[in-house]
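Chain by chain, the residues run as shown.
There are 2 protein chains.
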Amino acid sequence: MAKAPILTPQADDFPRWYQDLIGKAELADNGPVRGTMVIRPYGYSLWERMQSEVDARIKDAGAQNAYFPMFIPENYLTREAEHVEGFSPELAVVTHGGGKQLEEPVVVRPTSETIINEYFSKWVQSYRDLPLLINQWANVVRWELRPRIFLRTTEFLWQEGHTAHATYEDARAYATRIHRHVYDDFMRNVLAIDVVLGRKTARERFAGAINTLTLEGMMGDGKALQMGTSHELGQNFAKAFNTQYLADTGEREYVWQTSWGASTRMVGGLIMSHGDDNGLRVPPRLAPVQVVVMAIKGDDAVVDAVRALGDRLKAAGVRVVVDDKTDTPFGRRAVDWELKGVPIRLEIGPRDLEGGTAMLARRIAGGKSPVALDTVVETVATVLDEDQALLLAQSRERRVARTADVTSIGEAVEAASTGWARMPWADLGAEGEAKLAEQGVSVRCLVTADGGVPDAEDQAGNVAILARAY
Amino acid sequence: MAKAPILTPQADDFPRWYQDLIGKAELADNGPVRGTMVIRPYGYSLWERMQSEVDARIKDAGAQNAYFPMFIPENYLTREAEHVEGFSPELAVVTHGGGKQLEEPVVVRPTSETIINEYFSKWVQSYRDLPLLINQWANVVRWELRPRIFLRTTEFLWQEGHTAHATYEDARAYATRIHRHVYDDFMRNVLAIDVVLGRKTARERFAGAINTLTLEGMMGDGKALQMGTSHELGQNFAKAFNTQYLADTGEREYVWQTSWGASTRMVGGLIMSHGDDNGLRVPPRLAPVQVVVMAIKGDDAVVDAVRALGDRLKAAGVRVVVDDKTDTPFGRRAVDWELKGVPIRLEIGPRDLEGGTAMLARRIAGGKSPVALDTVVETVATVLDEDQALLLAQSRERRVARTADVTSIGEAVEAASTGWARMPWADLGAEGEAKLAEQGVSVRCLVTADGGVPDAEDQAGNVAILARAY
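Protein chains in written order, with my numbering: chain C, 12 to 481; chain D, 12 to 481.
Isolated chain C (complex conformation) (with noise of 0.2 Å):
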């Protein structure tokens, strides 16, 4: 029996795939103004999911949440001659407030360095106030000529993280402890993404830092998602907002900083990550719903069951969802959770029931077989840390499958037709690197010939990574 498919494949067209997965996932809709978006409850779980164990993880490093308001006066913006000048196509611009027309228009944070200096340059007297580790989560708007759902909108949600530190020493190992231990963990360990760390060109860094940190991943086209950055802001806007301190030599000293973030694009990194023809897959540590149990049919004793299992389950700190809505039938219940990407189905029925079991179904790993009810909450566990496990697994083997190693423009470009290239830095160069713009294909980031994050553009062995890019 022949089922239509319910995503067109990806094999077919993968934007359309990704496209109706966000639509039949219920993940997100487009907002009525061009380039927004509606994250929908199922879709912003996830991202509550990615918002409590990102936090967790900043706020470990030692830095605070707070707030800077989202109107920008348009001055602000101008303070940085770089930052203006790769923010300035994007901005939307408020002019009319309160019924009259403003004085000063102001703008949308599209980031928050310029607003956020001007306070630092308030908070801080003297080297004592440093470091001085701010976080924010906050929506941001860059008006977005070409959106995509989750990729590219016009307005976004995100974490800033913004700091200040005495050293350029300090403020390189905070931008590089962020990198690692807030980003690169959260990504393998929990997104199960086998993110690449490396650091940008001068032609992709960040609109006014001296460096940016990136974390990228391969998507299951081949292509690069910029999954966080981490930058090293050096002196630039403490010179624009005179953000100074007293050192302990009696010296007044511009503060070093760094600025860092990921955003709602994470989701739609996590969809080309891991799901399938099917839907998605989410990993067991992200999912909000880790395990649905389900009645098959509506009798009093499997309903009660599966109330009774559910509640173990959660007894043991599983994510659990009951779905005894049998007033639907059961195949579309279970098309929708596995299109949901929910990692484990326990399904019962009476004949379940009967002989004591319920059907394992693991959306990951594929597969479905019973289970005894009294093992059920131990198996689980360990089912839930090997499909974490292996959806790592797969994603480093795409990654490792689909890069080639090249020597020339040309086999680049024909390698980033279904992957990323790896090229010698050397051999290509800010000239090979503009050439290969020309082919829409971008230099994702440099690592060093043992795949380490250089500590400058031009040291000795440092490789290109070479792909398209969302």
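If you are wondering where the hints come from, they were derived from the structure by calculation, not from laboratory data.
Beta carbons are placed, not taken as given, at the ideal position from N, Cα and C, and that holds for glycine.
Do not take every clue at face value.
Okay, the calculated bits of chain C under chain D, using three or more residues with CB under 8 Å as the criterion [to be verified]:
#: 1; region: 63-77
#: 2; region: 107-115
#: 3; region: 121-130
#: 4; region: 191-200
#: 5; region: 212-226
#: 6; region: 304-318
Chain C residues, not near chain D, derived (Cβ > 10 Å throughout) [as the list claims (entries may be wrong)]:
#: 7; residue: Q21
#: 8; residue: P26
#: 9; residue: T187
#: 10; residue: R188
#: 11; residue: T260
#: 12; residue: D288
#: 13; residue: G321
#: 14; residue: G342
#: 15; residue: A345
#: 16; residue: L364
#: 17; residue: G367
#: 18; residue: P381
#: 19; residue: T393
#: 20; residue: R407
Under the rule of at most 27 Å between Cα atoms (straight-line distance), these lysine-lysine pairs were calculated in the DSS-like manner [as the list claims (entries may be wrong)]:
#: 21; chain 1: C; residue 1: K336; chain 2: D; residue 2: K325
#: 22; chain 1: C; residue 1: K35; chain 2: D; residue 2: K70
#: 23; chain 1: D; residue 1: K35; chain 2: C; residue 2: K133
#: 24; chain 1: C; residue 1: K70; chain 2: D; residue 2: K336
#: 25; chain 1: D; residue 1: K133; chain 2: C; residue 2: K35
#: 26; chain 1: D; residue 1: K111; chain 2: C; residue 2: K111
#: 27; chain 1: D; residue 1: K35; chain 2: D; residue 2: K379
#: 28; chain 1: C; residue 1: K70; chain 2: D; residue 2: K325
#: 29; chain 1: D; residue 1: K379; chain 2: D; residue 2: K336
#: 30; chain 1: C; residue 1: K325; chain 2: D; residue 2: K70
#: 31; chain 1: D; residue 1: K35; chain 2: C; residue 2: K70
#: 32; chain 1: C; residue 1: K336; chain 2: D; residue 2: K133
#: 33; chain 1: C; residue 1: K70; chain 2: D; residue 2: K70
#: 34; chain 1: C; residue 1: K133; chain 2: D; residue 2: K336
Chain C is already provided as a structure; the job is to place chain D on it using the hints.
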């Protein structure tokens, strides 16, 4: 030894005391654009605790979080006549985006009934989709001509719930559920504010609602603060946005709706309810820091002891901070924790250590006494419970002591100079309400004779609560 007061005394100038406290306790700063605010880390940690407590109650009430765009096409606002009339004067309007003038200007959400109804009308098909219970945590903008930090700001943070139901009765019951089991429970049992629950008069109702339920708190100066509201929207927005469902009768029917919100204004209410001339007093259940363990001097034994005690308290589930910054004078640190309203200070110096005790200073009940280090964890738990109850009792005592029964408008205005007045609604009426408004006194809400929430404005025995309000 007379100390110069750190804050303007409340009795001298309450508004100045409020501003002083917000600055000195490092809660917030004014933003660069008029009416906006920067919420500093300690102020934001109060808000995070509020979010966490309110969010858990909202989820218990069955609502799910989602996120809708902050940019709303101007034409949406105009579809519900009262709504647009109410909000038009406060709108911020984006006229330019991405370097171009927009074809249709977009407004920054002042609240989201309109845009959410646009999507409800797509998502709701049949009675099976109801009730639809959605909440979002978001920033909103209402242009303020007379801003006051936390209380009336151009941009503020809040949660806004939006629901759709099959029947009038179901919507009404849900608005009441939120009023009582989310807001009242949180404000009374966590914020320790003895709020009065009532219904708004037609004059004070939300623009577009058929009924507004409110929670009003009496502040330290006797004025009222609206702490949260829960609205029955009837079918007003459903008709404006054509939000219909297929009933089990086979007929298409308009949904019945509610909306409800509570905002960063609650931080202002917290300050003005519990603050005193020495600073804030934070109720233990809310407090981001319940206990600070302070090293009086920096010798090793003392620092080891405060850290060990901090670990014991943390293990017992207490939210604790260890203050071993002994390079700052002890007195200055103590004053700072007092300003921030941390319920308990445990102070340890060499002599305390010798005697096996710590000095326990109570910010809420006042007083200082030695406690044995052996039993300090149990003592802390008891004191936190006592002081939570004490704050609520004080809030209640103030409200009762400063509420007068009156029989005329003149008496009401007189009573409102120091507190609240109660007057039979039948004797006041909409005409009396308008006269009071000319003198800056408003009907905060109507309650029944026995203090309940009236089912209707014209219900016999309704009593009007009258006050000046923030």
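Verification of the supplied hints:
Counting residues of the region 63-77 of chain C whose beta carbon lies closer than 8 Å to any beta carbon of chain D gives 3, which meets the minimum of three for the stated coverage. Interface restraint, the region 107-115 of chain C with chain D: holds (4 residues with C-beta to C-beta distance below 8 Å; minimum three). Counting residues of the region 121-130 of chain C whose CB falls under 8 Å from any CB of chain D gives 3; the rule of at least 3 is met. Residues of the region 191-200 of chain C lying with their CB closer than 8 Å to a CB of chain D number 0, which falls below the three-residue condition for coverage.
Closer than 8 Å: that is the beta-carbon criterion, and the region 212-226 of chain C has 0 residues meeting it against chain D, so the requirement of 3 is violated. Proximity of the region 304-318 of chain C to chain D, defined as three or more residues with a beta carbon under 8 Å from a beta carbon of that chain, is not established by the 0 residues found. The beta carbon of Q21 of chain C sits about 27 Å from the closest Cβ of chain D, which is more than 10 Å, so the claim that it is off the interface holds. P26 of chain C, annotated as away from the interface, keeps every beta carbon of chain D farther than 10 Å; the closest lies near 22 Å.
Every CB of chain D is more than 10 Å from the CB of T187 of chain C (nearest about 23 Å), matching its label as outside the interface. The beta carbon of R188 of chain C is kept farther than 10 Å from every beta carbon of chain D, the shortest such distance being approximately 19 Å. Distance check on T260 of chain C: its Cβ is at least 18 Å (rounded) from any Cβ of chain D, clearing the 10 Å threshold; non-interface status holds. Separation of D288 of chain C from chain D is adequate, the least Cβ-Cβ distance of about 25 Å exceeding the 10 Å criterion.
Every Cβ of chain D is farther than 10 Å from the Cβ of G321 of chain C; the closest lies at roughly 16 Å, confirming the non-interface assignment. At roughly 17 Å from the closest C-beta of chain D, the C-beta of G342 of chain C stays outside 10 Å, upholding its exclusion from the interface. The non-interface label for A345 of chain C is consistent with chain D: the shortest C-beta to C-beta separation is roughly 18 Å, beyond 10 Å. L364 of chain C, annotated as away from the interface, keeps every beta carbon of chain D farther than 10 Å; the closest lies near 27 Å.
For G367 of chain C, the non-interface assignment is confirmed: its Cβ lies about 33 Å from the closest Cβ of chain D, beyond the 10 Å cut-off. Residue placement check: P381 of chain C keeps its beta carbon more than 10 Å from all beta carbons of chain D (closest about 32 Å). Every C-beta of chain D lies more than 10 Å from that of T393 of chain C, the closest at about 29 Å, which supports listing it as non-interface. Even its closest Cβ contact with chain D, about 32 Å, leaves R407 of chain C beyond 10 Å, as expected for a residue assigned away from the interface.
Distance restraint check for K336 of chain C and K325 of chain D: the Cα-Cα separation of roughly 42 Å exceeds the 27 Å cut-off, and the hinted pair is therefore not satisfied. Distance restraint check for K35 of chain C and K70 of chain D: the Cα-Cα separation of roughly 24 Å lies within the 27 Å cut-off, and the hinted pair is therefore satisfied. For the hint pairing K35 of chain D with K133 of chain C, the CA-to-CA distance comes to about 14 Å; that is within 27 Å, so the pair holds. Distance hint between K70 of chain C and K336 of chain D is fulfilled; the C-alpha atoms sit about 20 Å from each other, no more than 27 Å.
Between K133 of chain D and K35 of chain C, the direct Cα distance comes to roughly 14 Å. Compliance with the 27 Å bound is thereby established for this hinted pair. About 20 Å separates the Cα atoms of K111 of chain D and K111 of chain C, which keeps this hinted pair within 27 Å; it holds. Taking the CA atoms of K35 of chain D and K379 of chain D, the gap is near 23 Å; set against the 27 Å cutoff, the hint holds. Between K70 of chain C and K325 of chain D the alpha-carbon distance is near 16 Å, which keeps this suggested pair within the 27 Å criterion.
Our distance criterion of 27 Å between C-alpha atoms is met by K379 of chain D and K336 of chain D, whose separation comes to about 22 Å. At most 27 Å may separate the alpha-carbon atoms for a hinted pair to count; K325 of chain C and K70 of chain D meet this at roughly 16 Å. Distance restraint check for K35 of chain D and K70 of chain C: the Cα-Cα separation of roughly 24 Å lies within the 27 Å cut-off, and the hinted pair is therefore satisfied. The suggested pairing of K336 of chain C with K133 of chain D holds, with an alpha-carbon distance near 22 Å, which does not exceed 27 Å.
Of the supplied pair hints, the one linking K70 of chain C and K70 of chain D holds, its CA atoms being roughly 25 Å apart against a limit of 27 Å. Proposed proximity of K133 of chain C and K336 of chain D is supported: the alpha carbons are some 22 Å apart, at most 27 Å.
The structure is inconsistent with the numbered hints 4, 5, 6, 21, although it conforms to all the rest.
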